[in-house]
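Sequences listed follow chains A and B, in order.
Counting in this note's numbering, the first sequence runs from 1 upward without gaps.
Counting in this note's numbering, the second sequence runs from 1001 upward without gaps.
Honestly, the hints are just simulated from the structure, not real lab data.
Misleading hints may appear alongside valid ones.
Said to hold, decoys possible - When the alpha-carbon atoms are kept at most 25 Å apart in a straight line, the in silico DSS-like pairs for lysine-lysine are as follows:
(1) A:K203 with B:K1017
(2) B:K1017 with A:K214
(3) A:K214 with B:K1086
(4) A:K308 with A:K338
(5) A:K310 with A:K366
(6) B:K1186 with A:K214
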Amino acid sequence: MAELNTDSHDKRVLMKGNEAVGEAAIKAGCLCYFAYPITPQTETPEYLARRMEEENRIFLQAESEIAAINMVFGASAAGARVMTSSSSPGISLKQEGISYIAGGELPCVIINVVRGGPGLGNIEASQADYFQSTRGGGHGDYRCIVLAPNSVQECYDMVMNAFDISDFYRVPVIIQSDGIIGQLVEPFNMHPYKPMYEKLPPKDWALTGCLGRKPNVVRTLFLNPPNGLEMHNRKLNDRYNKIKTELRWSDEFNCDKADIIVIAYGATSRIAKSAIKKHNNNGIKVGLFRPKTLWPWPDVELVEVARKNKGAKFLVIEMSTGQMIEDVQLTLMDIVPKKDILFYGMGGGWNPTPDQIYEEISRVIKK
Amino acid sequence: MNIIKSQPKSITADSTKYCPGCGHGIILRLIGEAIDELGIRERMILTAPVGCAVVIYDYIYCDVVECAHGRAPAVGTAIKRVHPDKFVLIYQGDGDLAAIGTAEIIHAANRGENMSVIFVNNATYGMTGGQMAPTTLIGQKTTTSPFGRTIKGMGKPIRVCELLATLEETKYLERTSINSVRNINKTKAAIKKVFQNQLNGIGFSMVEILSMCPVGWRVSPVEAIQFIEEQMINYFPLGVYKDTE
Ligand SMILES: Cc1ncc(C[n+]2csc(CCOP(=O)(O)OP(=O)(O)O)c2C)c(N)n1
Ligand code: SF4
Ligand SMILES: [Mg+2]
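Next up, chain A with everything else stripped away, as it sits in the complex (with noise of 0.2 Å):
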């Protein structure tokens, strides 16, 4: 890590974006940190297994994704601050902790540092976990929020804010970075943590031994009343509508009157806007709409953009054979025809240059 200059509160300093990852759950008070080595993420238990021995926290690298996941399991219900890391064959295996985690109404964050699949699939970045994220991916009717960076600065940012939104919806937490964000190396402002909420609710549902009270009982097991799992599942259900309408993050750039509008997150949407700009300098219309929570998904504000955008062709780039395009069809199917919602992408540890977002969307601009 260099430090480029430290003489204010804030600094700028030069990390991978897995290191800076690391370091924001330092600063947003992450008591426990538990992972399993997988590429390409393997910064963040290295770089944490240095910082949480430095800090007197907790490191512990498990036996494997299944127990680390509910290592975060019972350090949440305990009620600490938790961190799990991993990419996606990892992920994978993790699902199961997910769910009682989500079922047992626990925060947590998760970083999925995306890697082609399926399978073992390659080490390169890739898009294709984002049906899994957004999905659930494990069992049961739940949803988790899902958080996409596309900087090193948004690694840091993003990863202190996972930890308070956790906490204030008791939901977790994905952060879906991938192969080229996590490796990504570039200076950013090392602030201090700044909490989102003035407030957090009281974890007052904490395993801490039943010293003078009730005792605690974190489940996932609903079998009486008869309608037990019914009433706990209208719960969350009510609680992830509350978060739609109080989550939905996205950015904008040039979306205004353009011709075509490209959809992209993460990764991707830095490689085409760099492929934008030089289209916008030959003085052709393009725009970018880049969604930054992709659960909550932005529908209000796509539909806003194809208002703002009307006539305009939509082009979805992924890093995958085509998933969060599914959100976009869903979003404008009454008001943008299906034919002008296009795709282009490719699954399996593919990344998209510059060049070739150009000509694409040269292709369409011609369509």
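Mind docking chain B with the ligands on chain A? Use the hints.
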């Protein structure tokens, strides 16, 4: 009238959902007595397994976390790390501990986590209706070994105490049974020992208890006790497998 024995104070339920003749109920009572005697109810966190004891939070009046099948040692590890001053009790069945959760128990034991483990070995999957467990005896008929367990293709029953004894960070391992008053008393002493070890900071301590599952085994409660006496104890010898004190 003198009251010589009454229900442990830490056990609030007036009945359990366990089948008649089930060993879990006896073990529950012994745990309750040990909790009362050591005065740890308000400083303990109990992990419930997936198995017939899953609803243990309806019986023992303390903080409880219900874990995914087999993962309690990982969950307990984290709880103990967050609250090193609290008492963490892991309760697991043989399917939970010795099949799906084998990795978690071995690594928690290998790390020497200062936790107390109650391992209820009833040689079957009680909750799901009596299927073959990793501890099912050779020749024992279950719904998924209808012709009896064979070594070929199914392997031999896993002896967990002996297995964990090879890990140097385990501090206390004992196998007991609840087939007789004498053995119940010994089990009670073992439970207390395993609890006391954690309170004294000694480290990973476990008692494996051979326990009756008359419904899963499809025998009467009396025959279930005989099965332990005549068959289980032969293969799973009782005794202390590790005591590093
Ligand atoms: C992941 C998963 N697999 C399977 C099950 C189904 N299941 C519930 S209890 C159980 C077996 C429990 O057996 P054991 O641990 O021996 O407990 P017992 O009921 O005998 O006390 C199984 C397989 C489950 N709940 N979760
Ligand atoms: S099925 Fe077996 S272990 Fe389960 S409650 Fe009945 S007797 Fe006990
Ligand atoms: Mg069993």
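Verification of the hints:
1. Annotation: proposed proximity of K203 of chain A to K1017 of chain B is violated, straight-line Cα distance about 31 Å (limit 25 Å).
2. With a C-alpha separation of about 22 Å, the suggested pair K1017 of chain B and K214 of chain A falls inside the 25 Å cut-off, and the hint holds.
3. For a cut-off of 25 Å, the pair hint linking K214 of chain A to K1086 of chain B stands: about 16 Å separates their Cα positions.
4. Proposed proximity of K308 of chain A and K338 of chain A is supported: the alpha carbons are some 18 Å apart, at most 25 Å.
5. A hinted pair counts as satisfied when its Cα atoms are at most 25 Å apart, and K310 of chain A with K366 of chain A qualifies at roughly 18 Å.
6. Between K1186 of chain B and K214 of chain A the CA atoms are separated by roughly 32 Å; this puts the pair beyond 25 Å, and the hint is violated.
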